[in-house]
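K.L.:
The task is simple: from the sequences and hints, build the whole structure.
Protein chains: 2
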Amino acid sequence: MDIEFREGISEVIATTRNDRPNAAPIGIINRKILYAVLYKESHTFSNVKKNSQLVANFVLDPVLYVRTAFEDLDVSFFRQDRDAPVLQAAYAWVEFKCSIAEKPTRNRAVVHLHPVKSVVLSQPMTPTNRAFCALIEATIHATRYHKLKDSKYLELALRYESIVRKCGGARELEAFQLLKKYLV
Amino acid sequence: MDIEFREGISEVIATTRNDRPNAAPIGIINRKILYAVLYKESHTFSNVKKNSQLVANFVLDPVLYVRTAFEDLDVSFFRQDRDAPVLQAAYAWVEFKCSIAEKPTRNRAVVHLHPVKSVVLSQPMTPTNRAFCALIEATIHATRYHKLKDSKYLELALRYESIVRKCGGARELEAFQLLKKYLV
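Residue numbers (numbering that gives the first Met the number 0), protein chains in the order written: chain A, 0 to 183; chain B, 0 to 183.
As the list makes no split between identical chains, a pair holds if one copy fits it or if it spans any two.
In silico lysine to aspartate or glutamate, EDC-like type, Cα no more than 20 Å apart, as pairs:
(1) Lys165 <-> Glu136
(2) Lys49 <-> Asp82
(3) Lys165 <-> Glu6
(4) Lys179 <-> Glu136
(5) Lys165 <-> Asp60
(6) Lys165 <-> Glu3
(7) Lys31 <-> Glu173
(8) Lys180 <-> Glu136
(9) Lys31 <-> Glu6
(10) Lys48 <-> Asp18
(11) Lys179 <-> Asp71
(12) Lys180 <-> Glu70
(13) Lys180 <-> Asp60
Derived by calculation from the structure, the hints in this document are not laboratory data.
P.N.:
Structure (structure tokens):
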């Protein structure tokens, strides 16, 4: 079973490491080549810069998306049986060798991704859930609010709560409650 | 491989039939029991009422979501080798026996869904794409605009174009262009 990054942007949790492993949501961009655009000040980028390694974790748990967007995960969330940093929660992952192509902006860098290994543990048959998508959108706005403190982003993030309540399960509701804690 | 409808609402394309097969996007709701809420005036509901059969098609193609929301599909889009109405584009499907539990609203009915058969043809490993989700949201607003002609829904639908352009592939862009045609 091959893992396919479809044309456009696929949302995953990237894991990298230095002395300790790190996890953060990123988009894997497929526009003829695979790459990611990383904030230069992020742990993800500084780790990639150091050892050229990044793992894309496929994760169904919305709480983990929100958590990794805002805080560092304890090492217990990572597998101990792998050389690469891989999340326990990943049902599949792709390890990349990275090459940095500096982008002409101050804050962000383009990182080219070359697949080294891919592992599929299970293949969940889960159709699109609007609540999961709404959580990703809300998390994006919430991280902007967290950084810039512009109330516009707070309003945009909170707007997704109704979709999460209508379409989500217990785990999506828990993720949104957690998100709101990061917004106070 | 079992098909799992997670807690909350899963977005699928429902196929039903009477003399001819019909396809339309619906949500499969899992709140301890599986059910759907259908508009009583829809083809989907009148077909279910007639023969108690509904198939949930798992489809990756965003163009088909938009198309089935607004128009009838030609029979060539359906498999000829199946008794149940199944889309050629489905990578998996679940056939349900339905029982109607009239809801105390004028326009909509609750339909309980009892799985009869499930088939998995392939198991695509595709992480969440924000453009695909944005298309589903835009389609929901667009069908409301189509029905009610309230410009609020038109604005809400068009607001998703930037996410589709940023995160989508060629097929998501094509789907959004098609959606805009139904909005004029």
